[in-house]
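Asker: Given the coordinates of chain A, work out where chains B and C should sit on it, guided by the hints.
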Amino acid sequence: MSGLGRRRFLVGSAALAGGATVVACAAPERESQVQSFVLQPELSLPGQELWFATTCAHSSCGNSVVVRTIDGRAKKVEGNPAFPVNQGKLNVRSQAGVQSLYHPDRLTVPRRRRGLRGANEFEDLEWPAGLDLLTEKMSEARSVVVITGPISGTRARIARDFATAFGGEHVVYETLESTVWRKTVQDGLGARRLPYLDIANAHSILSFGADFLSTWLSPTQYGVGYGEFRQGHGERGRLIQVEPRMSLTGANADSWVYVHPGQEGALALSIAQVIAAEGLAPPDNWFNVVSQVGGLDALNAYAPDRVSQRTGVPVERIQEIAREFASHQPGFAIAGGPALASTNGLDNGLAAMLLNHMVGSVGQPGGLLPNPDLRSSVTPPTEPTSFADLAGRGNTWLEGDPPDVAIVFEADPVYGMPDATRFADALGKIPFVVGIGTIMNETLGHADLVLPSTHAFEEWGDYVPDPAPRQHVVGLQQPVVRPTTSGRSFGDILLTLWHDLRPNLAPPWDTMRDAVRANAAEVFRGGDFEERWVELLKNGGGWNDDWAPEFRSSPNWHINLLAEPAFSDNGVEFPLHVIPFEGVALGGGDETANPWLQATPDPISTATWTTWVEMNPSTAAALNVSRGDVVRIETAHGEFEAGVYISPAAAPGVLGVPIGQGHTFGGRWREDRGSNVLASLAPLTVAGAGGLAWAATRARVRPTGDYRQLPTIEVLPNARNDVEEVIVQITNE
Amino acid sequence: MQHLTALLPRVTLKQALIVGGATTPLLAGGAGVLAILLYLMAAGGTATPAPEQPIAFDHSVHAGDAAIPCEFCHRGVGSQAAATVPSVEQCMFCHSVVKTDSPQIQLLQAHWDTNTPVNWARVHRVPDHVRFVHAPHIQAGVACETCHGDVASMEEVKQVRSLAMGDCQGCHRENSASLDCATCHK
Amino acid sequence: MSSSANEAASRASAVSSMGQTIPTDAEVGHPEGVRWGMVVDLDRCTGCQACVVACQAENNIALNEEQRVLERRAKTWIRIERYWEGEFPNAKARFIPVLCQHCGNAPCETVCPVWATYHNNEGLNVQVYNRCIGTRFCANGCPYSVRYFNFWNPEWPEPMNNQLNPDVTVRTKGIIEKCTFCIQRINRVQVTAKTEGREIRSGEVQPACAQSCPTSALVFCDLNDPESAPAQLAEAEAGRSYTLLEHFGTDPGIIYLKKVDPHAELEEDSHAPVETHA
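Protein sequence lines, in the order shown, are assigned to chains A, B and C.
Each step along the first sequence adds one to the number in this note's numbering, with nothing skipped, and position 16 is 16.
Each step along the second sequence adds one to the number in this note's numbering, with nothing skipped, and position 48 is 48.
Each step along the third sequence adds one to the number in this note's numbering, with nothing skipped, and position 111 is 111.
It should be emphasised that the hints constitute simulated quantities derived from the structure, not laboratory data.
Any given hint could turn out to be false.
What the hints assert, rightly or not - Negatives, chain A to chain B, calculated, CB over 12 Å:
1. PRO128
2. ARG317
3. ARG708
Claimed, not checked - Listed next, with one range per pair, are the computed distances between beta-carbon atoms:
4. C:ARG198 - B:GLN106: 44 to 50 Å
5. A:ARG112 - C:ALA229: 36 to 42 Å
6. A:HIS233 - C:ILE200: 28 to 34 Å
7. C:ASN121 - A:SER618: 42 to 48 Å
8. B:ARG173 - C:GLY141: 28 to 34 Å
For each residue, glycine too, the CB sits at the ideal point set by N, CA and C.
Pulled out of the complex, with its shape left as it was, chain A reads as follows:
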């Protein structure tokens, strides 16, 4: 991390206060001039690069970045080498931050709805007029609901306390929420915070559907560990991925194992049974644990020959997995993705967790390690509101008891909630909806008033990474460029309203900057705070080792509770299985307005810019379709179109469909492109956790007769598919 000392990290907005800047890449007429600053900003010279540490998003993505700025323009986003979560590394989406900052379709001024909700007819307003309108509605409101994405830190504290002060609540919407994994951790480990995965020191990882190298929870943190896992220490780690659709993590696994959707728990128990029966782990490790969750008899009901049929995994394969996993310890098992998005997802997760207890990797290096509890002065990361909870609220609103005002920020439930929940209609029952964001989305399209917010690179904030890197970490966010629009930050808007309308209940800070500073002073006590504040901003936050709680020694669960998964249909009328997935670039669809992300090839199919459906050659043959044919995918709750991508990794009968397209709002690169698979999902929930069972929908496919060339970067016919030629592999370790 030799670059750090060399780079000039600059603190605060001193450099941004200068009058004018010289534009390096501007129109030719400007190049014939040299502007002199009125006041020379400290350290800022024309053409000189300055690096600011901040974060890439409002949410607690966990990554801290350093942004290279030249002449007051943000140029490049790089990982913050000092920050313990991403350690100088970055994923695709964080890199694209500059592009959303300078997006030509960003909201620049407040807008007020003129036509019907969702009709995209707005008129521009001045900020005072917009705020007056909002103040008027808020002063009449008896209750409000504040809907945000997964925010944390001071921003979350303001959102929560603001909602309370106005007789309402703060709802956190996450497109594919992490609710089920959080509940698994609570029940399975007795931990309040998500555990740290010690990937770097693991010798084996058994992942049930968790796509941790691509989008699951904290992929950059996990990627850093993965490099070490493979080639960083003596024994090369082994990765076994069990899932119904090959994810990016699955593609990198040493053993990729297909399992029927929803049967991950049964397979996990079968692996546990082999470990017990073959004595692959010391009985001291597992005897008590197994007794506490139902005993050997219960476990023996999951012997490989009994679940092979049900899971679709051959008996020998189950035994091999058990042997490979148990004999390469330390290691751990995790569950995510479709495994947790089945109606029995929580049981699947807890069955996987049982394996950790059996091999003794809970709380051990190379296994699952506890993250420290937060200090009392730190606002914990907001936990996502579960799908069941949000859908329930929607029903209440539909039935005639909506709040008077909804404030929506960086969340798009109208896009992400299945149509069957009628969430757009429910939002429509709320008399006044305010949307705050940098660019239009489906939910903002249904708002009465749209306020432009500042971009993450233009505002103050702080955040608590979740999951934490086994340390107590608070990340800081500072403006790296002056705002390019009239936008105001979400926190500032709420604080302004609060002081205007409920001054007696309002917090002491007038702006987000004051609030972030005050909170930092509270969290990082002692010494000269001015000096410390400068240090904190330079480093992008503060962190230290802290006391970590211990995990519970066995899951709070019973083997007999493992349920069979339920699906949207019995499989007769809708014989195929839809597995939606988050791509490495498009994710849940929040940042698809960004052309870099649209053009980033999906690693598996190499497809860009569109919605496709991954299909096994035999499935395609049965439907008489081939690559590029447009098919209509029908579920009991909706239908959408996608182009066929024939994938040798797709299981027969399983349709892999990427999430993220199918928007009608959000600028030139996002609108009217592809389809939204989430809209057609069945509104099934995960028992005991309330998450959306997004992998439990069945479908049928009808060819439309249309053909559209798939925008992929792979070469077809793949003449060089002789992989040994380009990618030389060896087996020795």
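Answerer: Relative to the frame of chain A, chains B and C by itself:
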């Protein structure tokens, strides 16, 4: 076409092509025209007229009579790419007391009072595909006047050298500096 | 493939179309000086595309609109190639980052009629944009298909142009562009080191792709510096190292470390000539 290039023996077609590429998509027919331009730039070189400046700043007074070192105002020159023009504030360090009755200083004062930048007309400029960094030249002991001429005697600064590729190369060659294309072209 | 090896050997002092002898790598003098290169560990690479977007951001690469992708004219100086092996349920996807190999004996350099592409004394295969006249001979000659022709002028709708990196030329229609190993970053470090009166530190130069790579699969280095970590890595992992399409004799500056697959069914001597990507 042929007789045009024949008139210009020093400029070969290859050299013409060198300049054509990036900013001017080159058509075969345009090569001769470009060659003429090139020739004029390379041979004529010196006589770029001084552009009109928003404030009649006189270098002969500052650098000449007062003998203020160049880098006192052009502060970036020793450490980075751009030599940089001074801020209005820096001018005002002296001119809040020096010659405040001069109409030109009052122009400056107006910028200071209204907090508006001065848009100086650019005198020296290299093309977009060239990376020029002042710092290594200063460190190599190249005097400012080597490229910028005797600024201390100029009332209005004008460009005295062509600063075209051949000009740079000649100097690099004499001083055994890098002749790698990638040193200057980005 | 002995015939192609012979061919490569005979090309070692090839004669260009302009009648000048192109010096070989050894003649240029790499063994003593800097030779920039990269070690790519395929066992660490996950195919996550972080390098791809980092490169787009650093190097002012035009937006790859859908139409460009369909025309197969998308520009990605570094791309992740994905290969399929086997069929369900034993199908495997394999990833490899492919970028300009900065060959010591580059086929692209010998065919350029205007010396727009040449080999500099730091081992870089340099593309001088303002020399390029767009014959595309080099792109045809490149076995790795990493040279991209600009069929259109790039467009960045206002205010997106604010993001453009002033250290990198925006390429116009009609010229070839390709990976430069982020030469602007190398230059920046060199100028800084010179200003501070010191040598460049090992690992101080990082191209955008290597900088972002979460798993550290891409490591940039001076191949001639025995102290550099990647050089040591390549040494230590000698059993895993290979170069891409090495039978062409291009002497690539990128060393790949083999993917380890405990379950791979290997065929001996599988180096058969095959068609190239794109």
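Asker: Each hint: holds or not?
Answerer: Going down the list of hints, with the structure as the test:
no. : hint                            : in the structure
1   : PRO128                          : holds (24 Å)
2   : ARG317                          : holds (54 Å)
3   : ARG708                          : holds (33 Å)
4   : C:ARG198 - B:GLN106: 44 to 50 Å : holds (48 Å)
5   : A:ARG112 - C:ALA229: 36 to 42 Å : violated (58 Å)
6   : A:HIS233 - C:ILE200: 28 to 34 Å : holds (30 Å)
7   : C:ASN121 - A:SER618: 42 to 48 Å : violated (57 Å)
8   : B:ARG173 - C:GLY141: 28 to 34 Å : holds (31 Å)
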